[in-house]
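Protein chains: 4
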Amino acid sequence: MNTFGHIFRLTSFGESHGLATGGVIDGCPAGMELDRAFIQQELNRRKPGQSEIATPRKENDEVQFLSGIYEGKTTGMPIGFIIWNNNQHSADYDALKDVYRPSHADYTYHKKYGVRDPRGGGRSSARETVARCVAGAIAKLALRPYHISIQAYTSQIGSVKLEGTYRDYDLGLTEKNSVRCPDPAKAEEMKQLIMEMKRQGDSIGGVITCVAQGAPAGWGEPVFGKLHAALGHAMLTINAAKGFEYGDGFSAPLYRGSERNDCFFNDQGRINTRTNHSGGIQGGISNGQDIYFRVAFKAVATILMEQETVTTEGVGARLTARGRHDACVVPRAVPIVEAMTAITLLDYLLLQQNKL
Amino acid sequence: MNTFGHIFRLTSFGESHGLATGGVIDGCPAGMELDRAFIQQELNRRKPGQSEIATPRKENDEVQFLSGIYEGKTTGMPIGFIIWNNNQHSADYDALKDVYRPSHADYTYHKKYGVRDPRGGGRSSARETVARCVAGAIAKLALRPYHISIQAYTSQIGSVKLEGTYRDYDLGLTEKNSVRCPDPAKAEEMKQLIMEMKRQGDSIGGVITCVAQGAPAGWGEPVFGKLHAALGHAMLTINAAKGFEYGDGFSAPLYRGSERNDCFFNDQGRINTRTNHSGGIQGGISNGQDIYFRVAFKAVATILMEQETVTTEGVGARLTARGRHDACVVPRAVPIVEAMTAITLLDYLLLQQNKL
Amino acid sequence: MNTFGHIFRLTSFGESHGLATGGVIDGCPAGMELDRAFIQQELNRRKPGQSEIATPRKENDEVQFLSGIYEGKTTGMPIGFIIWNNNQHSADYDALKDVYRPSHADYTYHKKYGVRDPRGGGRSSARETVARCVAGAIAKLALRPYHISIQAYTSQIGSVKLEGTYRDYDLGLTEKNSVRCPDPAKAEEMKQLIMEMKRQGDSIGGVITCVAQGAPAGWGEPVFGKLHAALGHAMLTINAAKGFEYGDGFSAPLYRGSERNDCFFNDQGRINTRTNHSGGIQGGISNGQDIYFRVAFKAVATILMEQETVTTEGVGARLTARGRHDACVVPRAVPIVEAMTAITLLDYLLLQQNKL
Amino acid sequence: MNTFGHIFRLTSFGESHGLATGGVIDGCPAGMELDRAFIQQELNRRKPGQSEIATPRKENDEVQFLSGIYEGKTTGMPIGFIIWNNNQHSADYDALKDVYRPSHADYTYHKKYGVRDPRGGGRSSARETVARCVAGAIAKLALRPYHISIQAYTSQIGSVKLEGTYRDYDLGLTEKNSVRCPDPAKAEEMKQLIMEMKRQGDSIGGVITCVAQGAPAGWGEPVFGKLHAALGHAMLTINAAKGFEYGDGFSAPLYRGSERNDCFFNDQGRINTRTNHSGGIQGGISNGQDIYFRVAFKAVATILMEQETVTTEGVGARLTARGRHDACVVPRAVPIVEAMTAITLLDYLLLQQNKL
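Here the protein sequences come in this chain order: A, B, C and D. Quick note: to get this note's numbering, add 9 to the position in the first sequence (first position is 1). Quick note: to get this note's numbering, add 9 to the position in the second sequence (first position is 1). Quick note: to get this note's numbering, add 9 to the position in the third sequence (first position is 1). Quick note: to get this note's numbering, add 9 to the position in the fourth sequence (first position is 1).
No lab work stands behind these hints, which were simulated from the structure alone. Please note that a few of the clues may not be correct.
The list cannot tell twin chains apart, which means a pair is met if one copy fits it or any two copies do.
[As the list claims (entries may be wrong)] Cross-link-like lysine-lysine pairs, in silico, BS3-like; alpha carbons within 27 angstroms at most:
1. Lys82 / Lys207
2. Lys120 / Lys82
3. Lys82 / Lys56
4. Lys82 / Lys185
5. Lys120 / Lys207
6. Lys207 / Lys67
7. Lys82 / Lys106
8. Lys56 / Lys207
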């Protein structure tokens, strides 16, 4: 279950404090120019230690490609890659070896496997997502000739939230601030909230909105392969994700069919819709409108405040975590949301090619 | 993409107005007593024509098993089954052959496949879910010895919504009313709202809450096979679903880690958590607490009011649908949510057996 | 494990003496004219009771399509189909309920599942292959515009074998005799041998050779998805198959590289090979030459002579089978070999479309 | 298509002359002691440069594990691993860049992907099998507590072949000679033949026989997941494999059912069979007897003699390959056959656990 995708497939490996994280990308189209600078830039977007709001863990996060490329181009062969871990403070985790961190995966991994790697959360750490960003960057490159743009941004941190939709903002501003929010004033509020959490050793969650533009009508598979189900699946695999909605989402129930159906009209010779409450997907298949969705993230479980817990023996204990943690993972999850979107869209584009 | 599951797998077929709907269930454990009365009863729960709020389409929805059973017990062989369609008013759909119904799958199917079956929405119709209910009923039977209970209910219709959580209601009341809401007073309000929509030829959406109790710690697979991602995927494949959230879901961002971490304690010799904001899943793996989640459904696209649209040639047109439609699919989606939950949980139980 | 294929996928169900056999074909290209007469004709080729050498079991083997077709064309939706069993002499099998037939699947199914359906071999019976012929016929129709021809024939029964290769015979003669051998004289010898086996209540095996012509270079996937591995897998799933070889096969070891390499030359502007010892596949990918292979079948296990065996309790017993059996399944396996070849080639053609 | 297996899954990457070869093993049972010395020893068995009959290419072939292991034990997390290539003489291949080697994958890869990595055959080189040996060694470790032994040996080189079956030899002698043949006299003949081929710059093929002992009855899945079909698939993915047969294989057609059925008898309280013509598998499921099969390998395509070919432009050319090549790959394929057998058997053992 460490593989994602049908045709374009990422298989990943690696624990937070192991030697390396990496993966294999299978099914990547051949003959594609691999823009390494772009890939590294995408990795840098999720890198820890980028700003005052993120964990001070320093990682170069340089990806090393091991196969599948010849003279700068993909060959259609599997692309093996690794990112070495060079800043493991595993000693920080010695204290955690014998206790279960509340709301973390310590307990469930232990119950499932009988053993676990306690160093930095092992495989359950978001360190794993670095491999997704590599595959996502390559997927973005593959989607480029199709003029698909994928943009995610932080739309809520704690109770600070953006009003309106993605159309109300200049998404070009997203990367201008450390929280990745296209509204500079809200971004500042969000940042202050995160800094406050950091000071207190506490954590906070948020929401990421993502919009994919340019996908034609016809991507998606009926019934169990609906495009939004694939996107939902993809997003819900990201650490700390608690919910997914697309189009009108959880507000849809409030409206009547007559209020929210997206009426068709002839738009200068092209079939268009008056509105896009559907979020660009109808019956599980893209309709050529913007695909947009939102992903909810909870506050990260690891906090630096004292908590009640039990030891692996079940004995009551008090735990005060140490180590380097993000008080809020949402800003760093923005590129991960984009990566998973790109992987999913490319996979569905390739699935759509399976026609005679 | 008409197959769901890894070990316990449902492959389904059938259009709304074809001869039959059915499927093949592969990977069903052998030696299981097949309680046909229970299976039929589960099918009856989603059957059209059950109450004044549902479509008057009359279907017997009797499932016929064709294989995989010997002397009343499963043999481990694939279970083929069909449900004959006997009440197709396809003539109702002749008018729809050349226009795209707004927010329906007509346009996207046509763009994807070049052809489509316009009779009753074809494969995009919720008629397809009858096969899920067959597989879901069998999954519930398989889960019985594990004492897993799965209960879904309508928690919102339009703006009428239940306060509190599933713990605040007697879920035994759910099936006592036609909207499947465990709060009788709210149920009556919801019913009135749906009846009003029906009178107007309009439609309305809602939310279904589902709780699965009794699953032990250890079900779920790390990274891309997280249990909540599988459940989210399963729910988002249901017709008209727009969102999925588990545990605190979209309200999670409002709280701090210190407020919402589920602290462990020794509960008379057993490890337990003080709260269950996680929704029974941590790091993608069940922790032995109740698994609960919510699914948002939009108002169904088919309404009996005049709407703007285009013909398949792209010419502007006015459409007033006819035919038999639910003004609100949410009550009938309750057993489908349960069915998909049962299928997913059984599949993950079986995946968890894959250990030495 | 009752599903075969990646994009074009057959999921089948049904036991020898159950109500029906059938399946679901997923991923069938949309917009394809479904020539039902051709499909039925393909089914008729494997039907029992066709000639004096085959089992007298009479089955209409009429396929009923339940979905995925609209106005005679495929819609891209899953094609559900059934073939009703109407000639079950289950009483013939009562005597077999408590004993294991030697070299049959009785014992292994029982050990694996704890239960089994003893009527006519249940799922292990070759009756299951009728579903493959339906999917195979559809695959042949899909391959038609690509000018792929697939022809199998009996090349050996017992020790009666054809010399030379498929190029030495007029394959148009294959269907002219009941053993499906393109050499009329050898066909007669084979028939006599089978009749002799039938008289004795014994059985005999044989070899089927298959050639697929017209596939372009480029079908097949490196490493674990090699085209010949997929074909081998497909053939080895056919009842009683004991071996698979392609190109030079088991005679390859006898020759040196210098003797058997297929040298390239410029053949009037087209790259061609001087010989085709490779069997049309190099490095797991088709090279545009004829794809040919051979499949060995053992004598069927069910014979009407007395044999030593044990009861399900492990007690020694003598068994003399009754019922209607083929003394040699090879002639009837010819269309099944073709069907599995067609399914595999179409699947790989569709996989090859997954390129940008 | 660079992934093999259902539950225990190997995804591999790497070209002959790339930076590294490696892979990810997913689904490996947790809590298993990882005996690295054993794994390295298995790798050493396929290593080039071991004897006078093998290619002089020198590779350390040291596997580096990157994840999935904690304190010497598997954690159930994916095991990422790499083997660095340190002896690439890519310059040897410059001459091959613009011509297609006869019977090699050069032409087919080029036709399929439009580009190819010509260095040493790229991905089509048997260098890729080093990853299989890593996964195979781990599978062998996982099978150890089940007392499964897997032994392969060279049973034919050119026309020098062993008579009889695996039961006629002391397989403990297999590794005593460089050709891996348990008959010392035949081994010497085989070696002389290979040396002769080497002197001539020619190549020769052979057959490997493999026997797996200790598997209980019940492994295997009906219809499309038959155990012998999975083994056949596995074997046919190995470079230069041309055929697979199990049990009586291609000699089966020569015998009657009455001669070759494996009669059951009560063997001191245990059900046993008098003979094992079935090769340990009946109806696709293991029956507790020895599983044995044979794999045919052609002479390797790369020879050092002049051959006719064409350039990538289709122009006729003469090619005399250089570089370091095995005159016969069969001896080095012995551990690869064992590795693929171990991977398949472990996977099927795990599939068999999927029962309630």
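So, going through the hints one by one against the coordinates:
no.: 1; hint: Lys82 / Lys207; in the structure: neither (44 angstroms within a copy, 36 angstroms between copies)
no.: 2; hint: Lys120 / Lys82; in the structure: between (44 angstroms within a copy, 16 angstroms between copies)
no.: 3; hint: Lys82 / Lys56; in the structure: within (26 angstroms within a copy, 30 angstroms between copies)
no.: 4; hint: Lys82 / Lys185; in the structure: neither (32 angstroms within a copy, 45 angstroms between copies)
no.: 5; hint: Lys120 / Lys207; in the structure: neither (31 angstroms within a copy, 50 angstroms between copies)
no.: 6; hint: Lys207 / Lys67; in the structure: within (18 angstroms within a copy, 54 angstroms between copies)
no.: 7; hint: Lys82 / Lys106; in the structure: between (45 angstroms within a copy, 16 angstroms between copies)
no.: 8; hint: Lys56 / Lys207; in the structure: within (18 angstroms within a copy, 53 angstroms between copies)
The earlier numbered hints that this structure contradicts are 1, 4 and 5.
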